[in-house]
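Undergrad: Can you build the whole structure from these sequences, using the hints too?
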Amino acid sequence: GKKSDKLEFAFDVLDKRKRGQLSREDMANYLKSFLTVLLNLSFTSSLNDDLHREPILTTIQGEPVDLSPRTISRVIDSGAHWATSMAFDGHIARHGSSKCVSMSFDDFAEWYTTKG
1343 GKKSDKLEFA FDVLDKRKRG QLSREDMANY LKSFLTVLLN LSFTSSLNDD
1393 LHREPILTTI QGEPVDLSPR TISRVIDSGA HWATSMAFDG HIARHGSSKC
1443 VSMSFDDFAE WYTTKG
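In this note's numbering, the protein residues as written are 1343 to 1458.
Be a bit skeptical, because a hint or two may be false.
[Said to hold, decoys possible] In silico DMTMM-like links for lysine to aspartate or glutamate, alpha-carbon gap of 20 Å or less: (1) 1345 to 1357; (2) 1374 to 1357; (3) 1344 to 1354; (4) 1344 to 1448; (5) 1348 to 1452; (6) 1344 to 1452; (7) 1360 to 1449; (8) 1348 to 1449; (9) 1358 to 1449; (10) 1374 to 1431; (11) 1374 to 1419; (12) 1344 to 1449; (13) 1345 to 1419; (14) 1348 to 1448; (15) 1360 to 1347; (16) 1358 to 1347; (17) 1360 to 1448; (18) 1345 to 1452; (19) 1345 to 1431; (20) 1344 to 1367; (21) 1358 to 1448; (22) 1360 to 1350.
Everything labelled a hint here was simulated from the structure, so no lab data went into it.
TA: Following this line, the structure appears as structure tokens:
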């Protein structure tokens, strides 16, 4: 299907309350799911070029991070909340409102196609 159809489907799945608005919680939950899948795929040995290489997760400063489930969970939570803040804070900056608690489909589509 068309990209716009896929985007509309994704919005409908994320809009748990079916109000035509995504809450910060809806967006954070989506991003947590996305990051969980992304990290699992990136640590799958069959996807590595060098099957003998251990997967490494690093901080922004390049320091290695342990791969314990607790650390991975914290990384996913932090990343999802950071990206959610970026999406909603960008929406606030574009529209001049003081606080944004939800995002319409048009706002979501704009974020997805320009920043997401």
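Undergrad: Does each hint hold? Answer for all of them.
TA: Hints versus structure:
no. : hint         : result
1   : 1345 to 1357 : holds (18 Å)
2   : 1374 to 1357 : holds (15 Å)
3   : 1344 to 1354 : holds (16 Å)
4   : 1344 to 1448 : holds (16 Å)
5   : 1348 to 1452 : holds (14 Å)
6   : 1344 to 1452 : holds (16 Å)
7   : 1360 to 1449 : holds (16 Å)
8   : 1348 to 1449 : holds (16 Å)
9   : 1358 to 1449 : holds (17 Å)
10  : 1374 to 1431 : holds (18 Å)
11  : 1374 to 1419 : holds (6 Å)
12  : 1344 to 1449 : holds (19 Å)
13  : 1345 to 1419 : violated (28 Å)
14  : 1348 to 1448 : holds (14 Å)
15  : 1360 to 1347 : holds (17 Å)
16  : 1358 to 1347 : holds (18 Å)
17  : 1360 to 1448 : holds (15 Å)
18  : 1345 to 1452 : holds (13 Å)
19  : 1345 to 1431 : violated (25 Å)
20  : 1344 to 1367 : violated (27 Å)
21  : 1358 to 1448 : holds (17 Å)
22  : 1360 to 1350 : holds (13 Å)
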